[in-house]
Amino acid sequence: MTGALERVLGAFLADPAEPRYGYDLMKAARLPSGTLYPLLARLERDKLVASAWETPQQEGQRPRKYYQLTAEGIRNARLELAHASARRQRAPARPGHPAPGSLG
Amino acid sequence: MRGERQLLRVGEYLVGRACQQLPPDTREERYREWAAELPAILHDAQVRPAPRRAVRMLGYAADTLRGTIMTPGMARGHIPRLFAAVDRYFPVIGLVVVAVDVWGVVQAPGNGLDYLQLAWSLLFVAYLIRKRVRPAGRVTALLGIGAILVLVAIGLWSAAQAPGDWVNDFLAALLLLPLLIGLPLAWWLRRLGARGRHAAPSGL
Numbered sequence: 001m002t003g004a005l006e007r008v009l010g011a012f013l014a015d016p017a018e019p020r021y022g023y024d025l026m027k028a029a030r031l032p033s034g035t036l037y038p039l040l041a042r043l044e045r046d047k048l049v050a051s052a053w054e055t056p057q058q059e060g061q062r063p064r065k066y067y068q069l070t071a072e073g074i075r076n077a078r079l080e081l082a083h084a085s086a087r088r089q090r091a092p093a094r095p096g097h098p099a100p101g102s103l104g
Numbered sequence: 001m002r003g004e005r006q007l008l009r010v011g012e013y014l015v016g017r018a019c020q021q022l023p024p025d026t027r028e029e030r031y032r033e034w035a036a037e038l039p040a041i042l043h044d045a046q047v048r049p050a051p052r053r054a055v056r057m058l059g060y061a062a063d064t065l066r067g068t069i070m071t072p073g074m075a076r077g078h079i080p081r082l083f084a085a086v087d088r089y090f091p092v093i094g095l096v097v098v099a100v101d102v103w104g105v106v107q108a109p110g111n112g113l114d115y116l117q118l119a120w121s122l123l124f125v126a127y128l129i130r131k132r133v134r135p136a137g138r139v140t141a142l143l144g145i146g147a148i149l150v151l152v153a154i155g156l157w158s159a160a161q162a163p164g165d166w167v168n169d170f171l172a173a174l175l176l177l178p179l180l181i182g183l184p185l186a187w188w189l190r191r192l193g194a195r196g197r198h199a200a201p202s203g204l
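As they're listed, the protein sequences go chains A and B.
According to this note's numbering, the first sequence is numbered sequentially starting from 1.
According to this note's numbering, the second sequence is numbered sequentially starting from 1.
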């Protein structure tokens, strides 16, 4: 799993029930549009994310497309993020950069 | 914000250009989705000052072009079309090179280098025909690339030997130009493709 995907999934999982639009996800995941949208397209293709158009509140307002993790997406995202976190914890600290709290 | 409408128009133009790369069935929807974010970025109260929002909006719009290239299953756009155009141009080059080499052999039948050049250019044309009929395997591709490189080397050497000979200069330029354009383009496309694959969810 790439760092970009990890950040997108993390942003979704912050509140899985809340639909998110592209710019909102860009800010939350700190990713540019050229990275985020291909990721969303892949997640949607794999049926891990579902999308829906909003109903415009005012006349002339352009509707936005909202994305939300599917039930399978939530399950997989939690699993993948847990794996990624476990991998990071298992990785030995680099020499010259001791883990926090390991000294003294 | 002053000039907001013009800025939005520039953003929409950039998004529109990016969406031109997409297949017709997804183009309209993607345009609607991406263009709808432009005013939201421009009015984002969390980002200050206003010029920063403008830069952010234009950056977003410009980066959608990268998004269209990286998105799976999307039609490959201008750059691959340019690459395909260069590829289409190769058979014409091959035929011109063969014609010039035959002409060179007829003009100076005793010159061994002309025969060698003709043999290599025929190999180059054979490679192009083989590539058209069936996708070239690794050995065929290496042979073809080898033939092209030898042709380029011979062409450059001939041009250096007789600096005033426009035929040699023309041949060298004809062989060198597509290589200078095609190789960096092929490298860049390969890199983009690899990045696109690495960005794919793993198991997700």
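Check before you lean on any hint, since a few could be wrong.
[What the hints assert, rightly or not] Pairs of lysine to any residue residues, derived as SDA-like cross-links and limited to a Cα-Cα distance of at most 20 Å, are as follows:
(1) A/65 to A/91
(2) A/27 to B/40
(3) A/27 to B/169
(4) A/27 to B/45
(5) A/27 to B/24
(6) A/65 to B/105
(7) A/47 to B/40
(8) A/27 to B/35
(9) A/65 to B/24
(10) A/27 to B/58
[Said to hold, decoys possible] Simulated restraints, written as ranges between beta carbons of each label pair:
(11) B/91 to A/15: 56 to 66 Å
(12) A/84 to B/176: 20 to 30 Å
(13) A/50 to B/28: 50 to 60 Å
[Said to hold, decoys possible] Not the full set, but computed from the structure, chain B residues with beta-carbon under 10 Å of chain A:
(14) 24
(15) 28
(16) 37
(17) 60
(18) 66
Note that these hints are calculated values from the structure, not bench results.
Virtual Cβ for every residue (Gly too), placed ideally from N, Cα, C.
- prompt: Of the hints given before, which are not true for this structure?
  reply: Per hint list: 1, 3, 5, 6, 7, 12, 13, 14 and 15 violated.
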